[in-house]
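Protein sequence lines, in the order shown, are assigned to chains S and D. Heads up, the working numbering is the position in the first sequence plus 103, with the first residue counted as 1. Heads up, the working numbering is the position in the second sequence plus 10, with the first residue counted as 1.
Derived by calculation from the structure, the hints in this document are not laboratory data. It cannot be assumed that every hint is accurate.
[Unchecked claim] Once the Cα atoms are required to be at most 27 Å apart in a straight line, the calculated DSS-like pairs of lysine-lysine come out as:
#1 S:K114 <-> D:K101
#2 D:K101 <-> S:K609
#3 S:K231 <-> D:K13
[Unchecked claim] Label pairs and their computed distance ranges (CB to CB):
#4 D:G44 <-> S:P549: 53 to 59 Å
#5 S:D354 <-> D:R67: 51 to 57 Å
#6 S:H264 <-> D:G44: 55 to 61 Å
#7 S:F622 <-> D:T17: 49 to 55 Å
#8 D:L28 <-> S:R727: 54 to 60 Å
#9 S:P700 <-> D:L28: 49 to 55 Å
#10 D:P130 <-> S:T545: 29 to 35 Å
#11 D:N129 <-> S:E227: 50 to 56 Å
#12 D:R67 <-> S:N539: 47 to 53 Å
#13 D:E164 <-> S:G389: 51 to 57 Å
The beta-carbon is built from N, C-alpha and C at its ideal position, and this holds for glycine as well.
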Amino acid sequence: MNAPSTTGKYKWIGTRPDRPDGADKVTGRARFGADFNLPGQLIGKVLRSPHAHALIKSIDISKAEALPGVKAVVIAKDFPEQPNLIVPTGEMQVNLRDVTRNVMAREKALYEGHPVAAVAALSETIAKQALALIKVDYKVLPHVIDVAEAMKPDAPLLHDHLLTEGANPPATKPSNIAKRIEFTKGDSKAGFAKAEIVIERDYTTQAVHQGYIEPHAALASASEDGQVQVWSTTQGHFQVRGFCSRLLNIDTSQIRVTPTEIGGGFGGKTVVYLEPLAIRLSQKAGKPVKMTMTREEVFRASGPAPGGNVKVKIGATKDGRIVAAECTVEMQAGAFPGSPVGPSCMCSFACYDIDNMYIVGFDVVSNRPKVAAYRAPGAPISAWAVESTIDILAQRLNMDPIELRLKNAAKKGTKTAYGVTFNTIGMVETLEAIKNSDHYKTPVKPGFARGVAAGFWFNIGADSSAASHVGEDGSVTVISGNPDIGGSRASLALMAAEELGVDYDKVRPVIADTASIGFNFVTGGSRVTFATGLAVVNSVRDLIRELKVRAAKIWKVDPDGVIWENGMAKPAGANVGTFEPLSIADLAAQAGRTGGPINGHAQLNVTGAGPGFGVHCVDLAVDRDTGIVTVGRYTAAQDVGTAIHPSYVEGQLQGGAVQGIGWALNEEYIYNSKGLLQNAGFLDYRMPVASDLPMIETILVEVPNPSHPYGVRGVGEVPIVPPTAAVGNAIARATGVRMVDLPMSPPRLSEALDAATPRMAAE
Amino acid sequence: MAKIHITTTINGAPTEFLCEPQQTLLDVLRDQLGLTGSKEGCGSGDCGACTVTIDGRLVCSCLVLAPEAEGAKIETIEGMADGDTLHPLQKKFIEMAALQCGICTPGFLMASKSLLERNPNPTETEVRYWLAGNLCRCTGYDKIITAVLDVAAEMRESAR
Chain S
104 MNAPSTTGKY
114 KWIGTRPDRP
124 DGADKVTGRA
134 RFGADFNLPG
144 QLIGKVLRSP
154 HAHALIKSID
164 ISKAEALPGV
174 KAVVIAKDFP
184 EQPNLIVPTG
194 EMQVNLRDVT
204 RNVMAREKAL
214 YEGHPVAAVA
224 ALSETIAKQA
234 LALIKVDYKV
244 LPHVIDVAEA
254 MKPDAPLLHD
264 HLLTEGANPP
274 ATKPSNIAKR
284 IEFTKGDSKA
294 GFAKAEIVIE
304 RDYTTQAVHQ
314 GYIEPHAALA
324 SASEDGQVQV
334 WSTTQGHFQV
344 RGFCSRLLNI
354 DTSQIRVTPT
364 EIGGGFGGKT
374 VVYLEPLAIR
384 LSQKAGKPVK
394 MTMTREEVFR
404 ASGPAPGGNV
414 KVKIGATKDG
424 RIVAAECTVE
434 MQAGAFPGSP
444 VGPSCMCSFA
454 CYDIDNMYIV
464 GFDVVSNRPK
474 VAAYRAPGAP
484 ISAWAVESTI
494 DILAQRLNMD
504 PIELRLKNAA
514 KKGTKTAYGV
524 TFNTIGMVET
534 LEAIKNSDHY
544 KTPVKPGFAR
554 GVAAGFWFNI
564 GADSSAASHV
574 GEDGSVTVIS
584 GNPDIGGSRA
594 SLALMAAEEL
604 GVDYDKVRPV
614 IADTASIGFN
624 FVTGGSRVTF
634 ATGLAVVNSV
644 RDLIRELKVR
654 AAKIWKVDPD
664 GVIWENGMAK
674 PAGANVGTFE
684 PLSIADLAAQ
694 AGRTGGPING
704 HAQLNVTGAG
714 PGFGVHCVDL
724 AVDRDTGIVT
734 VGRYTAAQDV
744 GTAIHPSYVE
754 GQLQGGAVQG
764 IGWALNEEYI
774 YNSKGLLQNA
784 GFLDYRMPVA
794 SDLPMIETIL
804 VEVPNPSHPY
814 GVRGVGEVPI
824 VPPTAAVGNA
834 IARATGVRMV
844 DLPMSPPRLS
854 EALDAATPRM
864 AAE
Chain D
11 MAKIHITTTI
21 NGAPTEFLCE
31 PQQTLLDVLR
41 DQLGLTGSKE
51 GCGSGDCGAC
61 TVTIDGRLVC
71 SCLVLAPEAE
81 GAKIETIEGM
91 ADGDTLHPLQ
101 KKFIEMAALQ
111 CGICTPGFLM
121 ASKSLLERNP
131 NPTETEVRYW
141 LAGNLCRCTG
151 YDKIITAVLD
161 VAAEMRESAR
């Protein structure tokens, strides 16, 4: 833990006070999704396809409906057809026609776990009995799971209408390739002609789940007059409102969504699964309906992040200057188009200043659950390939991997492959932070090897609203609309206290439901502390403007003659007059005589998100007999802008790094020959546990974002980008075997080591 | 089927409930007794979010049948604070930011308390293995482990 450089510059920002929701979360008082109940509620359950790909010839719900205690059954015909219309969901985009089919299968079941019906009953037991009474007549179709297989011309087709967008020449026949995209900078062919060393490799990654510990849960109550209330564990209650409004043809104003505390999301709770079903069931039954997923349902039918195949080619001169780079990414979208292949391509070489680049991406559907965002969606997949290839280059050149990256690092003025020219960024500073770290300067322990890798994420801004209300006693409530997924209440309160000049504990941050604050885009894209933070700062500035007006009224002077300093209204100068400063409490006490309630508001479309860069360094040992990897030391450095609450910034780096370690070493979706998921539980889908890990050291590199009053950059997503390659690079240096397929799990790694023996130095 | 009448003690309070033989203790705690601090993350004993103690033994309440509570003393997260005074582990978890989303926190706290009752001077490795039955996806465990080691040191200091 390093001390952020901002310490001392501000009173509150950069300090580490207790989070406002801390006591509730250590006592069990905090209410998460499944903790909400209403009198008279029914329990809803979903019937899911047992097949990877099947035509739904008919569904007979009559016996289920007749079962005593069953109050409603819904199938696809209970949901109106939707137009072919793309809408944004955080960092991903979805088509409404597909969304309605994903929440309830229509013509076909497209993956194992795809909902085909839902029931609401007096108890879970009755609901499960009802599911067993629903008769679905399936015609099982040939399925396809693997991306490369799905791209073949004779592959089983998921969607008869799907023509490849962006194909050249234009597609005339349907296929599973939903989209082809490309990004070009300079002339990669000419660049490779100048290269003295060219490295080319093919890599694969598997689908991984976000792995939030709280399963999806929703409670819906529809009234006879058309009004609907929903309690949902979500990263975006406005998004839930928007989707349900569209999918059920209800005015947004008639749906009020209250976000519960959220037990993790990492991008996976930016879409809807249960909410539209719970509302429709509630409408039909006339009772509230509560639905929760089992862990197995979470694995089979929500998320995951895609796997992909990546081909990388990098050309450099002998002095280590990268002169050309190419990359092809074929990415799983799941059953419906919309993988994060775009950001994956855009991030691939974003850490580097390269003159000639050509990047192609394919968005490919297959009989898997529709992918959802997962922390820097798409970026870890291309980074795994690119950062491994750069490590090979460093080995070939016999160069220090940090020096090679420094030589090619993106900086202010670097133009990316996707056309953006970077403003102030911290890639160089972050590389230097690792280079100068105690970790990197300490010799590697015997039996261990060291790997490093870098990563990039854009971060986003988007729509935020906030309000600041002064209470009768002068304490302040700051209201915003983004679920707090990892301490954002604390960061928002810190910025409000700093701006207002009052103590942190005089500010109470509240997350309002969709009817109680203006629109806020999802908690995603690492945007909340940045964008909603800016809305909070602006709402406080609006509040200060009003407080100065009130002081001016009391003093009978012009508002321009009042300044705001250390939480007090003061005369701007001697010419204004001599008045005792007025605190917020003083002004609140007189509010009734100066114009009534004192509030501030802000609504913004926030631009200027500062991109983030991370560099991770890992020391690990490989057991050659078992293929088990032991991580001995791990350091994550990142350009974090300004660390508002450093503990929670460190936490983002630590948590992201560990998810990346899991992605590198263990986690994967495993399918059998029938296209059925084989490891839909935490025992077989092995996420890192405490005994797998060392402490995760962090270095917060503060390169303030010039577009934010306190220099905030998003921090949550970058940390998952570097780990897979950092681990792979260390394994390559430990064993001489370069792994190209994730995960580097014990069976895969021991197989690769056996195949390589006795040849020890692969590169 | 007739329900089973169970007499038990939960967080020191005599408690009675009726349950079906196949109901889990977790379901009864959450759905009948309003003790929703124990969380269901998996229902299969893999995540530890539902951790409670029965007669001092650390268990996943999703793997315990409710009738097994008969005559037992059960402690849940709701009983961890002493009135309005948080347990040192609870205080330290907040102070050290050892939680992000907070869904796994009740389970980690129950497991950590149980560890320190048995071993007041654990090594980092002992803490990591003791807590290996509790999944946290947000923190990377770092601050949780640090918090438990810190509390252990403070409790040893104050016991001297």
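Return holds or violated for the Cβ distance of G44 of chain D and P549 of chain S against the range 53 to 59 Å.
holds, 56 Å
Range hint 55 to 61 Å: satisfied by the CB atoms of H264 of chain S and G44 of chain D?
violated, 50 Å
Do the Cβ positions of D354 of chain S and R67 of chain D conform to the proposed distance bound of 51 to 57 Å?
At 54 Å between Cβs, range holds.
Take the C-alpha atoms of K101 of chain D and K609 of chain S, compute the straight-line distance between them, and say whether it is at most 27 Å.
This hinted pair holds, its Cα atoms lying about 20 Å apart.
State, for the Cβ atoms of F622 of chain S and T17 of chain D, whether the hinted interval 49 to 55 Å holds or is violated.
Holds, since F622 of chain S and T17 of chain D (Cβ atoms, about 52 Å apart) stay within the stated range.
Okay, N129 of chain D versus E227 of chain S on CB: inside 50 to 56 Å?
For N129 of chain D and E227 of chain S the Cβ distance comes to about 39 Å; the hint is violated.
Indicate whether the distance between the beta carbons of P700 of chain S and L28 of chain D respects the range 49 to 55 Å.
holds, 50 Å
Hint consistency between K114 of chain S and K101 of chain D [alpha-carbon to alpha-carbon, up to 27 Å]
holds, 24 Å
Honestly, do E164 of chain D and G389 of chain S meet the 51 to 57 Å range at C-beta?
Roughly 55 Å apart at Cβ, these two residues keep to the hinted range, so it holds.
Mind checking the hinted window 29 to 35 Å against the Cβ distance between P130 of chain D and T545 of chain S?
holds, 32 Å
Okay, L28 of chain D versus R727 of chain S on CB: inside 54 to 60 Å?
holds, 58 Å
Does the beta carbon distance between R67 of chain D and N539 of chain S stay inside 47 to 53 Å, or does it fall outside?
At roughly 49 Å between Cβ atoms, N539 of chain S and R67 of chain D fall inside 47 to 53 Å, so the hint holds.
In terms of the numbered hints stated before, the structure departs from hints 6 and 11, listed from lowest to highest.
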